[in-house]
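J.: Sequence:
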Amino acid sequence: LLTLYSGVDPQAFMNNCVYDMCATNGDQKMLCSALASYSNMCRLQGIILQGWREKFNCPMNCQPYSHYEACTSLCPLSCPFPTHQPTCEGICVEACVCNDGYVLSAGQCVLPETCGCSYQGHYVKPHERFWTEACATLVVCWYATCASNELCILEDGLRFCWPITYSTCTAAGDPHYHTFDGYYFNFQGTCTYQLVALCSNDPKLIPFTVMVQNNHRSSEVVAFTKLVNVYIYGLTITISKNFPYKILVDGQVVCLPFYYDNNQLMVYRNGSMAVVEVGFDLQVTFHWNSQVQVTLPSIYWGAVCGLCGNYDGNVTDDRTMRGGGIASTYELLGASWQVGQTVECASTCEGPLCQGCSTSQMEVYQAQRYCGIITQYYGPFWACRTYTVPKPYLEDCLFDACQYKGYHGVICTAVAAYAVACQKAGVNIQAWRSSTFCRKFVLHSVRIS
Numbered sequence: 001l002l003t004l005y006s007g008v009d010p011q012a013f014m015n016n017c018v019y020d021m022c023a024t025n026g027d028q029k030m031l032c033s034a035l036a037s038y039s040n041m042c043r044l045q046g047i048i049l050q051g052w053r054e055k056f057n058c059p060m061n062c063q064p065y066s067h068y069e070a071c072t073s074l075c076p077l078s079c080p081f082p083t084h085q086p087t088c089e090g091i092c093v094e095a096c097v098c099n100d101g102y103v104l105s106a107g108q109c110v111l112p113e114t115c116g117c118s119y120q121g122h123y124v125k126p127h128e129r130f131w132t133e134a135c136a137t138l139v140v141c142w143y144a145t146c147a148s149n150e151l152c153i154l155e156d157g158l159r160f161c162w163p164i165t166y167s168t169c170t171a172a173g174d175p176h177y178h179t180f181d182g183y184y185f186n187f188q189g190t191c192t193y194q195l196v197a198l199c200s201n202d203p204k205l206i207p208f209t210v211m212v213q214n215n216h217r218s219s220e221v222v223a224f225t226k227l228v229n230v231y232i233y234g235l236t237i238t239i240s241k242n243f244p245y246k247i248l249v250d251g252q253v254v255c256l257p258f259y260y261d262n263n264q265l266m267v268y269r270n271g272s273m274a275v276v277e278v279g280f281d282l283q284v285t286f287h288w289n290s291q292v293q294v295t296l297p298s299i300y301w302g303a304v305c306g307l308c309g310n311y312d313g314n315v316t317d318d319r320t321m322r323g324g325g326i327a328s329t330y331e332l333l334g335a336s337w338q339v340g341q342t343v344e345c346a347s348t349c350e351g352p353l354c355q356g357c358s359t360s361q362m363e364v365y366q367a368q369r370y371c372g373i374i375t376q377y378y379g380p381f382w383a384c385r386t387y388t389v390p391k392p393y394l395e396d397c398l399f400d401a402c403q404y405k406g407y408h409g410v411i412c413t414a415v416a417a418y419a420v421a422c423q424k425a426g427v428n429i430q431a432w433r434s435s436t437f438c439r440k441f442v443l444h445s446v447r448i449s
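Residues in the sequence shown are numbered consecutively from 1, following the UniProt record's numbering.
A hint or two may mislead.
[What the hints assert, rightly or not] Straight line, CA to CA, 25 Å or less: simulated DMTMM-like cross-link-like pairs of lysine to aspartate or glutamate: (1) LYS204 - ASP181; (2) LYS391 - ASP20; (3) LYS226 - GLU331; (4) LYS29 - GLU69; (5) LYS424 - GLU150; (6) LYS204 - ASP312; (7) LYS226 - GLU150; (8) LYS424 - ASP312; (9) LYS391 - GLU363.
Rather than coming from a laboratory, the hints here were simulated on the basis of the structure.
Can you make the complete structure from the sequences, with help from the hints?
T.: Written out as structure tokens, the structure reads:
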């Protein structure tokens, strides 16, 4: 199976497979997982590998009245339109496919005549009819579909109605920006910037804006987020480094928790972070020091703009400036999203003090007592590596550690950013703080001479 195809080098997959098989005493599941990873990578390159599941005894367990196919459409015949073949674009998928004469309904293969309906979230049996409460409309069961807050997706070869997805944008460290679509860039401006805001005229979407203010901390090369403003429902929620474990609401200091409009807006403390939750599933977190995260539901797909990008699944347009066009530098990108003018702020850095570290200077901080803990073999984050790629977080940590000559305050902040990303991915990481490394969370101010 592991044959060298154009653009798909099997060696890394082979190494991982051998390592996992050895570590688990030849567990068959590890072999199947490794082969599936390689098969999926080949599929993305347009190469469909046939017969490997049968050859290596890696069957895909299918529901009754269905069978496995190595290359099939993502859009099968399904309720509520069992005779209508939907149009699908993109690469085929390996999946369990309903046998002839059956269609997909809520993850199961059923006879077309048994398809039911959904009305305002309630199930209606086939051929059932009823009047609405106002007796003005007769509802008859003809079709079925996912609820308005669900999407039809494929998971493990089976299709389900699944809740709307979410994506998170992060600004952490100096700051290192990770957009909704997965684009990474560094920008050290010290002004106030639009991180993300609604930029669509869709009346179904609730307007909001998240702005951040950055500042230098003993280095002209790096900057950190010091303040986050969330504008929602006519209120201004401010989370500031100057008011730890509290917030400002329209300029007034407020203790947590804070509730507004029948809990449509809540602000509370979760460990070391302030959490802003809004009824339509917007979430903003900031740990009063440098790391801010914004999580959005997919109903805002392609409807936002700012340093976090437009959340359209395309990383190539995440350098779009406020006025349109793609920025040629990160400084131009950041400056285009600057809001107002903070005293003595700047979106660019010039002069000898702005020179960053070289690659060789950063290498020393790859040791486990610095940033190496992020990628340490069988370390506290080992289980997370397949869910959240550690490389960008390691690079961010090395950059910050070098600028501050190994100061553990910024290293702990960088490592914590990866810890939060892993936890958001649902991974149970091991304890990474100890009596000698990042002992506890402290709101620190960097002072390096």
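J.: Hints first: check each against the structure and report whether it holds.
T.: Each hint, compared with the structure:
Among the hinted pairs, LYS204 with ASP181 is consistent with the structure: their alpha-carbon atoms are about 23 Å apart, no more than 25 Å. Distance hint between LYS391 and ASP20 is fulfilled; the C-alpha atoms sit about 20 Å from each other, no more than 25 Å. For the suggested pair LYS226 and GLU331, the alpha carbons sit about 19 Å apart, so the restraint of at most 25 Å is met. With a CA separation close to 20 Å, the supplied pair LYS29 and GLU69 stays within the 25 Å bound.
Pair hint LYS424 plus GLU150 holds up; C-alpha atoms about 20 Å apart against a cutoff of 25 Å. Taking the CA atoms of LYS204 and ASP312, the gap is near 18 Å; set against the 25 Å cutoff, the hint holds. As the CA atoms of LYS226 and GLU150 are separated by approximately 37 Å, the hinted pair breaks the 25 Å bound. This hinted pair checks out: LYS424 and ASP312 have alpha carbons roughly 20 Å apart, not beyond 25 Å.
Of the pairs offered as hints, the one joining LYS391 and GLU363 holds, with about 14 Å between alpha carbons and a cut-off of 25 Å not exceeded.
Hint compliance for this structure: hint 7 is the single one not met.
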